[in-house]
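*Asks:* Listed below are the residues making up each chain.
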Amino acid sequence: MARTQPSPLVHDLQAALGIEAVLFEPEDLLPYEFDSSIDRSAPDVVVLPRTTEEVAAAARIAEEHHVPVVPRGSGTGFAGGAVAVMGGLLVVLTRMNAIREIDAANRLAVVEPGVINLDLQDALSSFGLLYAPDPSSQRICTIGGNVGTNSGGPHTLAHGSTVNHVLGLEVVLPGGSVVNLGSRQVDAPGIDLRGLFVGSEGTLGIVTAITVRLIRENEAIRTMLAIFSTVDEASNAVSEVIRRRVVPMAMEMLDQETIRVVEPRVNAGYPLDAGAVLLMEVEGLVEAVDQDSEIVIEACKSQGARDIRIARTAEEREALWEGRKSAIGALGHTAPALYLLDGVVPRSRLPEVLHQVLGLSREYGFKCANMFHAGDGNLHPTVLFDPEEEGATERVLQLGGEIMKLCVDAGGSITGEHGIGTEKREYMDWIFSEADLEAMSSVRLAFDPTGRFNPCKILPTGHGCAQGHFEPIKRKLGPGIYV
Amino acid sequence: MTSTFSTPGDFEKKPTSGRERDVDRDDLEDLLGVLSAGTERPPEQYMCDGVSPIMAARPSSVSELAEILLVANQRNLAVMPQGGRTALTLGRPLTHYDLALDTTALNRVLDYAPEDLTITVEAGITLKLLQESLAEQGQYLPIDPPPGDQVTIGGLLATARSGAWRGHLPAARDLILGATVASPDGSLTRSGGRVVKNVSGYDMHRMHTGALGTLGVIVEASFKLSPLPAAVSSFAIVCSSLSRAGTVACEIWDRNLATRAITILDSKTSAILDCGDVATVLVEFAASESVVVRSEETLREILRDYDMSAEHIGNDIWAQIRSLTHRDGIDTVIRAGVPASEVSGFIDHMEIIDGPSWGHVAAGSVWSCPNVNAQTLLGLRVVAERLGGFLQLESGSKSLREVVDPFGVSDAGLTDSLKSQFDPRSTLNPGKWKAVST
Chain A
4 MARTQPSPLV HDLQAALGIE AVLFEPEDLL PYEFDSSIDR SAPDVVVLPR
54 TTEEVAAAAR IAEEHHVPVV PRGSGTGFAG GAVAVMGGLL VVLTRMNAIR
104 EIDAANRLAV VEPGVINLDL QDALSSFGLL YAPDPSSQRI CTIGGNVGTN
154 SGGPHTLAHG STVNHVLGLE VVLPGGSVVN LGSRQVDAPG IDLRGLFVGS
204 EGTLGIVTAI TVRLIRENEA IRTMLAIFST VDEASNAVSE VIRRRVVPMA
254 MEMLDQETIR VVEPRVNAGY PLDAGAVLLM EVEGLVEAVD QDSEIVIEAC
304 KSQGARDIRI ARTAEEREAL WEGRKSAIGA LGHTAPALYL LDGVVPRSRL
354 PEVLHQVLGL SREYGFKCAN MFHAGDGNLH PTVLFDPEEE GATERVLQLG
404 GEIMKLCVDA GGSITGEHGI GTEKREYMDW IFSEADLEAM SSVRLAFDPT
454 GRFNPCKILP TGHGCAQGHF EPIKRKLGPG IYV
Chain B
474 MTSTFSTPGD FEKKPTSGRE RDVDRDDLED LLGVLSAGTE RPPEQYMCDG
524 VSPIMAARPS SVSELAEILL VANQRNLAVM PQGGRTALTL GRPLTHYDLA
574 LDTTALNRVL DYAPEDLTIT VEAGITLKLL QESLAEQGQY LPIDPPPGDQ
624 VTIGGLLATA RSGAWRGHLP AARDLILGAT VASPDGSLTR SGGRVVKNVS
674 GYDMHRMHTG ALGTLGVIVE ASFKLSPLPA AVSSFAIVCS SLSRAGTVAC
724 EIWDRNLATR AITILDSKTS AILDCGDVAT VLVEFAASES VVVRSEETLR
774 EILRDYDMSA EHIGNDIWAQ IRSLTHRDGI DTVIRAGVPA SEVSGFIDHM
824 EIIDGPSWGH VAAGSVWSCP NVNAQTLLGL RVVAERLGGF LQLESGSKSL
874 REVVDPFGVS DAGLTDSLKS QFDPRSTLNP GKWKAVST
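Chains A and B, in that order, give the protein sequences.
So in the numbering used here, the last one in the first sequence is 486, and the numbering has no gaps at all.
So in the numbering used here, the last one in the second sequence is 911, and the numbering has no gaps at all.
For reference, chain A alone in the conformation it holds in the complex:
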């Protein structure tokens, strides 16, 4: 029995999707107030559709009731993309989790947005196929969410981000119409609406099916751990490998702060006295792997690597990767709270920018751990702090902004894979002019003339963030939920 009187919006949604698919009691809405960012705001209603038709119906009803619509997958985003900052309707897509088709012969799969990234990988393994994007959160993040933020992962270095692996999309547009963007084949005619949609963070529509491109597993793979005394040496080694014309599948760096936290918990095999380690992987035919490994090893040695360990078994490879993928979780045990940043610099600027990041963190009085996609120049400084300490949250946010400025000054970007969301929309004018942002607003208007889909995301205030009757978002920290 509902304790809260259903609003007309709730009533209409229940009629269209069924009572069990609609949540509106305050305690039921609590888990949906936040994602993995530091912003928090409650939706008015949550729906959990099972079909494209139900998503379309929900979008139509939202339009009729003039309420915002926010899509959500697992809520693993770090930028606040799935937070309903203006309230309204939160469309949770986790029940749409069917792998509709695997066409191994043509190397494609059609999945629903709620499919967990790793579940797709597992389903593909018996075919000897892979879906290349592998965000560190792949055990829980959804493919729909990956589309929303154009997710990357360690293997982006060789294979590219999500947009490079999406062939087609079924999308519910604001207003409830259903369109297909792209195709089952590459290079569909027309404006690349598929490419435009990927990474649009739910502001242009809700994806209800994704046709993804698959790749074949390689014949051989070699995972190596290069151990350095300093972050500088490790950074220089990254450039040296590229200079020698080898682009490994992955080049991940962990600094000393991270190693000292991760190793005791995960036993990945990282030396505790190392200044930094580089986790690298080369793949291909056996001959290619032998040759590329040799070049990588020589390049690392030339930059001062004191040891290079090679995983001899699948278990050893797993262990090395477990250290990288568990790093955030392990860091979470060392401080009441973490603030995980995402910025990009040209890889040749890594050493100087890392120095500046660490220097700034010291100035602010925070510990900062770094584990990141070094090959892509994609930094993830992770600031450890205590939100109970007076002023700490404000200071950590300020530090985050300064670190983003460092990335911009180095010719980089304010996000490589997490997205803009609410977290960085006010930084957008650091990298884009007024005219650039106006052009982006025009895209938004073409898809969503009323600006109701995921309002207050991506574009800074004044570029599509309509002011409604909801309270403006107030930055505050959730109880340890943002790492």
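Quick caveat, the hints were computed from the structure, so don't treat them as lab data.
Possibly wrong hints are sitting among the right ones.
As the list claims (entries may be wrong) - Beta-carbon label-pair distances, calculated as ranges: (1) Asp310/A with Glu762/B: 27 to 37 Å; (2) Trp433/A with Glu774/B: 53 to 63 Å; (3) Trp433/A with Ser536/B: 20 to 30 Å; (4) Asp789/B with Glu355/A: 39 to 49 Å; (5) Glu405/A with Asp522/B: 50 to 60 Å; (6) Glu588/B with Trp433/A: 17 to 27 Å; (7) Lys304/A with Ala703/B: 18 to 28 Å.
As the list claims (entries may be wrong) - Computed list of chain B residues with no C-beta within reach of chain A, every gap over 12 Å: (8) Gly511; (9) Asp647; (10) Lys670; (11) Asp884.
Built from N, CA and C at the ideal position, the CB exists for glycine as well.
Once you've looked at the hints, dock chain B against the given chain A.
*Replies:* Relative to chain A, chain B alone:
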């Protein structure tokens, strides 16, 4: 300086169907006012579909291009941006054509960071010039669009064409990191950046990819690069039938060798390329020396099972394939996207038409230069669509493009909405898309 528009009478000769007013002397004087010395070009060199523009401009800077575009927009002139002029008849015939906007003088490398594997160039640079600059550092932009490296980077992006490497390697739409675009309102807007990973804001550069210059003029672009392979080796496999060619081609693709291209030729294409007059599979390996050698050994093992053999051929075959669509006398060119496993079957289906057909397996991309009428073309499109694919008219006569939608599948509603937002006066390539009121 030419005097193409020396008398008002000249203006009245141009087609003006549906246009609100004719171009007058004030319009042209306004344009002349923003052109620097040497920018103006003879319009007759910029003919398209038998129509010459009233004026042609080849701006020497991005800001000059933006200024010209602004004046043209204010004066309600129809502008056709163009670079290498290799894809002018992709899309519907223009409803108006007043000004040719030639980007080829914008041909500078703006920023090349070999250590970061990134480059930023102006859009009028040819792929040839770009590849030559990169080769000095042992790098390249791994794309092979038809008809060859004479295409400009802007044209390459606007048409989003890809070649035999597609599917084995990324396409331009995947490798682009960011772009600067001139809009009809005279603004220059940027998206993306110069770093290899970036999800800041909407990927406007992807929206302009394949948009045929209808939403803005791409003036600069940044790309992710790759190291040049140390060894490249090509092979021809003569097949007794297209069906057998398809089976063998898919088997090779499935083995994940160091393959950079697998292309099936029908007998007509084989004959044009001096590969005999039967169906042929061409394979290209590109990697280090030892990996290419190993790939060749595996290829020969695969073929033994089929009682077939591979003949080593020159790598220049791929340039010939790229230029197949631009041979003398070719009028109509089509491209179908079909599942990889259906490439040979679709080529077989094309045997009913008069003209060569070939298909790149990994991309599921079948090209043909048929001699067909609209009805046959539409029939072929139905076949492609039944396979879950599409068929695009890449090039064709004006009359054919008037009766056949060149694109077939695309979301007209969203396309129109974007056109309304980015080019509300339909200044850029008016009518090229479709259903856009002018």
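*Asks:* Under the constraints set out in the numbered hints, which ones does this structure not fulfil?
*Replies:* 9, 10 and 11
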